[in-house]
Amino acid sequence: MSERIREKLAILADAAKYDVSCASSGSKRKNDNKGLGNTGSGICHTYTSDGRCVSLLKILLTNFCIYDCAYCVTRKSNDIQRTAFTVKEVVDLTISFYRRNYIEGLFLSSGIFKNADYTMERLVRVAKELRLEHKFNGYIHLKTIPGASDELMKEAGLYADRLSVNIEIPTESGLKLLAPDKDRKDMIKPMNFIKQEIIQNKNEIKLFKKAPLFVPAGQSSQMIIGATKETDKDIMYTANSLYKNFNLKRVYYSGYVPVSHDSRLPSFDSAVPMLRENRLYQADWLMRFYGFHVKELLNNETPHLDLDIDPKLSWALRNPNQFPIDINKADLQMILRIPGIGVQSAQKIVSARTFQRLNWENLKKLGVALNRAKYFITCNSADFERRNLSSMQIKQYILASSASKYLKSNSTQLQLF
Amino acid sequence: MTPSSFDSMTILIYDGTWYGLLCCIYDVYEYKLGPVSVSTKEQHQPDAFSNTQEVFTSAEHAKRVLKGLHTKLSPTGMAAIYSCYLSELPEMASVIIRYARLLFSSGISEKAYGNPDVLKVSQVAKMVSRERHRMKAFIRFRLTQDDIYYATIEPDFNVLPLIVSHFKNRYADQKWVIYDTKRGYGVFYDLHTTEEIQLDFTVDPDKPTDTNIFAENEEQYQTLWKDYFKHVSIDSRKNTALHVRHVPRRYWKHLTEKQV
Ligand code: SF4
Numbered sequence: 001m002s003e004r005i006r007e008k009l010a011i012l013a014d015a016a017k018y019d020v021s022c023a024s025s026g027s028k029r030k031n032d033n034k035g036l037g038n039t040g041s042g043i044c045h046t047y048t049s050d051g052r053c054v055s056l057l058k059i060l061l062t063n064f065c066i067y068d069c070a071y072c073v074t075r076k077s078n079d080i081q082r083t084a085f086t087v088k089e090v091v092d093l094t095i096s097f098y099r100r101n102y103i104e105g106l107f108l109s110s111g112i113f114k115n116a117d118y119t120m121e122r123l124v125r126v127a128k129e130l131r132l133e134h135k136f137n138g139y140i141h142l143k144t145i146p147g148a149s150d151e152l153m154k155e156a157g158l159y160a161d162r163l164s165v166n167i168e169i170p171t172e173s174g175l176k177l178l179a180p181d182k183d184r185k186d187m188i189k190p191m192n193f194i195k196q197e198i199i200q201n202k203n204e205i206k207l208f209k210k211a212p213l214f215v216p217a218g219q220s221s222q223m224i225i226g227a228t229k230e231t232d233k234d235i236m237y238t239a240n241s242l243y244k245n246f247n248l249k250r251v252y253y254s255g256y257v258p259v260s261h262d263s264r265l266p267s268f269d270s271a272v273p274m275l276r277e278n279r280l281y282q283a284d285w286l287m288r289f290y291g292f293h294v295k296e297l298l299n300n301e302t303p304h305l306d307l308d309i310d311p312k313l314s315w316a317l318r319n320p321n322q323f324p325i326d327i328n329k330a331d332l333q334m335i336l337r338i339p340g341i342g343v344q345s346a347q348k349i350v351s352a353r354t355f356q357r358l359n360w361e362n363l364k365k366l367g368v369a370l371n372r373a374k375y376f377i378t379c380n381s382a383d384f385e386r387r388n389l390s391s392m393q394i395k396q397y398i399l400a401s402s403a404s405k406y407l408k409s410n411s412t413q414l415q416l417f
Numbered sequence: 001m002t003p004s005s006f007d008s009m010t011i012l013i014y015d016g017t018w019y020g021l022l023c024c025i026y027d028v029y030e031y032k033l034g035p036v037s038v039s040t041k042e043q044h045q046p047d048a049f050s051n052t053q054e055v056f057t058s059a060e061h062a063k064r065v066l067k068g069l070h071t072k073l074s075p076t077g078m079a080a081i082y083s084c085y086l087s088e089l090p091e092m093a094s095v096i097i098r099y100a101r102l103l104f105s106s107g108i109s110e111k112a113y114g115n116p117d118v119l120k121v122s123q124v125a126k127m128v129s130r131e132r133h134r135m136k137a138f139i140r141f142r143l144t145q146d147d148i149y150y151a152t153i154e155p156d157f158n159v160l161p162l163i164v165s166h167f168k169n170r171y172a173d174q175k176w177v178i179y180d181t182k183r184g185y186g187v188f189y190d191l192h193t194t195e196e197i198q199l200d201f202t203v204d205p206d207k208p209t210d211t212n213i214f215a216e217n218e219e220q221y222q223t224l225w226k227d228y229f230k231h232v233s234i235d236s237r238k239n240t241a242l243h244v245r246h247v248p249r250r251y252w253k254h255l256t257e258k259q260v
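Heads up: the protein sequence lines correspond to chains L and A, in order.
The numbering used here puts the first residue of the first sequence at 1, with every later residue one more than the last.
The numbering used here puts the first residue of the second sequence at 1, with every later residue one more than the last.
Chain A extracted, bound-state conformation (with noise of 0.2 Å):
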């Protein structure tokens, strides 16, 4: 263990779960640790001159940490810090550890918009939400033929755990897949429960080859659904800008209304 002092900058390294994230800021705590930065063990590259420190990380110390914050924070306050994580933006470790500190040491509120990392979270949460919210108007299921209805999704951020309970209540009675292709994950849910799974693609579903996979009639529901969406435009009203900026480009690949 690295011995703590007030002058130098401590390196944080830890596991880049949410609980080795919360366990950064009960180390802090615990070793009295003067000014810190977070890395994982991937990011991080060793220099002669840095003080680093590895975390362990701990379910009843992270869980100590929740409580802590609990205090501190409205719901609201909770769900941006986890949002802010989800958003896997490589400066937002530390922000969140400072933010942490700012609530435990000098009691300050989630609203002193005034505080850069105050602001900052409040920020990143709602871009966090923002995509949070797209991502339950975007997704697209097709009908499999082992009826299970299938999406791909490659958000910005990881809203993948912040949307399941979303689909969860709505689709109660069929089951469904939402799969992550960019982070290689996915939740399915098989009427009861849902739980976190990953697919090996031997067959790629979205090689035409393969489009067997899906039910019979799948293909004849995307264009209804195509042909409503050329219907209901307006020409004489058209605005392809305002257009993009709600559907951005990046979202187009998997809007069925979007494949020609």
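So here's chain L without its partners, still in its complex pose (with noise of 0.2 Å):
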């Protein structure tokens, strides 16, 4: 090994980083034939500088590429440093990062080389070398190239925990817009194969529980956002009927990171849009786990969602006619649904409140954010919130109350309600 693996090591990593899906979860792949490794524990072994989760050796196995699309480092056009990986080089990365505790797995994608297949055909080789010679049992998402053949994706659904196949940009005229050769159909025609597999897979596990195993973490997907003019609407609607249509376990949305000086984008020295990607995150949870429908949160007259209050308090704020909640009362689906309680504070409630009834130290106690809640509950307590507020008073109220918080977050703010 040597300066050039090390060269390699940093032209694939730093192309591949655009990639945010980084989960490594979802899949438990057990570790009994005394090989090396397992799944399921979804590990974040380290943060990088920006906060995010680094779970996989994400890579691509190559940077050269025949496609151009506009908002990718790894276009054609772009004068940039080309190179590729081995197969056997990845594999022993993988395996020797592996043995250290530093990864859970690897996140293998790759820029076009001659065709689809072609491409694809190497991917497939390097799981299968971990699988079958290396007896690893860690954590494989291969990114699909579209266009490749059936018998292809089959395959590389043996070895992987996850396929992905990324849907690019939210809506087809923006897709046409940026990336001229590509077409939507080539990604939906892969996530119909891959959803058709996995539940085939699902059926014959029942019938033989030796039945090989097809992408256990099922399949994910990522969006560009603020690359084309698209609206947050466009967005969830999208990811909406992904989850939907294909089953989706994940969608991802990846705020545009400027690469390039194109008339068709924004300019190179605009900001990414991390408050926007955050936003979208929260919805998307509320949609996964707190019982929302994308209508809610969305729809012609509230096309965006606000940028200074999170989704969930927005939402209440127009649906004013639906609160006060009574805490020791209302069912948990109601309770997921007041600001400032997320789903774990929302369960101890409805555990703590058959012993006692709840009042307002208890809740807090219970890890409920009373500045934002108390605005839209009662619980056992005389004392609450009596003013007849408008919406828009509370919102300030909450605002202020939070100010410091909000201010920076403007910038940085990168959690979840």
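I should point out that these hints are in silico values taken from the structure, not numbers from a laboratory.
A couple of the hints might just be wrong.
[As the list claims (entries may be wrong)] A short list of chain A residues far from chain L (calculated; beta carbon distances all over 10 Å): (1) GLU42; (2) ASP47; (3) GLU54; (4) LYS67; (5) ARG140; (6) ASN212; (7) ARG245; (8) GLU257.
[As the list claims (entries may be wrong)] Short, incomplete list of chain L residues facing chain A, as computed with Cβ under 8 Å: (9) ARG99; (10) LYS364; (11) LEU366.
Each residue gets a CB set at the ideal place from its N, CA and C atoms; glycine is no exception.
Given two chains presented individually in distinct reference frames, assemble the corresponding complex, making use of the accompanying hints.
Below you can see the structure in the form of structure tokens.
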């Protein structure tokens, strides 16, 4: 191993970092062949200086590419240094990093070298060698190459824990504009194929326990946010249809990082829309874990999420008729909708109230953010918010009470709720 | 043996072990004690007025208490008590005893978070669990010349017993040692079983002069990992506060990617 590997790693890690997905959970591969590794813990082994989880060795196999997608550093017309790993090099790096407890596994993606199948075949070979020759049971995520054959997709699914097909741009017109070589259909087709195979595999496993796993952690996708003029509604409706139609496990939202001077794109010095990205993730969580329908969060009257307050608070302020909620009586579904109460607190409330009626003190101890929740609830206390406040006033009070936090948050806040 | 009385507090002196603590609970019932507080032999400062009683550690008594707790607690609840013990926080021994008495005497549920001791147990267990999770993430092995993957840790709480099975399952085909330098003990896995060990540091593996104990290409992989770490950060998104919240500074010492 040498300087050459260092150089390749620098280039091919750099080019891969714009794909924000780093999840390593959702699969439960056991180490029952006395081999190396297992999955299921979803550990972040470290965090980047911008605070993102590092769980997988995320690299491109090569940054040679025959396509010219405007938003991508790897695009053909970009004047950058090009290189490629060999299959063996990727396998060796993965194993050596894994044994030192640096990573949960590998996330391998690639520029398109020669053609889709040629590239996909190499990605599959890496996964196959890891599984069969090294008895590697760690996490493998392969990004599929649009247009690759069904046979290769199927083989990929036998070795990978997760496959992803990136939808890239939230709207079809945006994709046409920025990636004229690409076609939405080439993304939808493999998503559908993977979905069907997963369903079939589940049935097989019901019949024979020993049937080989097919992408046990399911499929995911990513959209770039802010490269075109799409609304938050466009983005979340697309995400919603991906979840619904293809049973996706996760959709990732990646704020566009300027990589080129191109009149079709935001200017080179524009900031990465991090707060917007964060609000989209919050909306995504509300859809998946809090029982919200996408139409409640975004619609023609509200095509964008508020930037200054989170989408749950903003929904509550638009729906004052739903409040106040009695903490000691309301069902879990309603409690989840109260601003300032997360999933864990909501569950604790429901458990704790079977033993005693809860008051403000109890709620505080259970982790409820009272500065927000107090305007929306009543509990075991005569002392509740009696003033008939308008939504506007509540918003002002909440913003004032958490002023410092929200001011800071405009540039850096990345927490959920 | 000191006769118990309900108006004075008894101080139980135990040996600081998990079984010893369980025996404190046993003795509370055996001797029908009133309010108690607990202390280890080392911590205890005798004074003329308090009523002290020494607790004898018996595996049989400890197991009976465990069995009793089993009937009152879910597996999570059992793990929570053990985690509280491993927290080594000075007040937790007394909290655990009060908690056990609540469970046995008043039949309180482990989910009655309105009670301060119940809440405390769940909160401390959560803190310990957070560090346990962090250790699974932050341990960094270095390959030695004897083909053993070696890692040192200095956790706030004594979490090593809680992570052994994770590493044993994951690294079934490699020999490893995880060593807690703060508490002076470690665990060695020899491809079959794990055992507790104490190392005699005649050569300090972390002194630069002794680098020869590590395998030949160990340093190269460390360099590659550091390179990788540098290259995955996106500068235009830099957020140090968030970074430090996820990776608190006190853990940096043992993180390969944080060494220059
Ligand atoms: S095909 Fe992929 S790697 Fe190639 S330019 Fe487009 S987005 Fe970038």
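Against the structure, the hints come out as follows:
1. GLU42: holds (33 Å)
2. ASP47: holds (34 Å)
3. GLU54: Its Cβ never comes within 10 Å of chain L, the nearest being 36 Å, so this holds.
4. LYS67: holds (25 Å)
5. ARG140: Its Cβ does come within 10 Å of chain L, the nearest being 6 Å, so this is violated.
6. ASN212: holds (19 Å)
7. ARG245: Non-interface label on A:ARG245 violated, nearest chain L Cβ at 8 Å vs cutoff 10 Å.
8. GLU257: violated (6 Å)
9. ARG99: Holds. Min distance 6 Å.
10. LYS364: violated (11 Å)
11. LEU366: holds (6 Å)
When held up to the earlier numbered hints, the structure conflicts with 5, 7, 8, 10 and fits the remainder.
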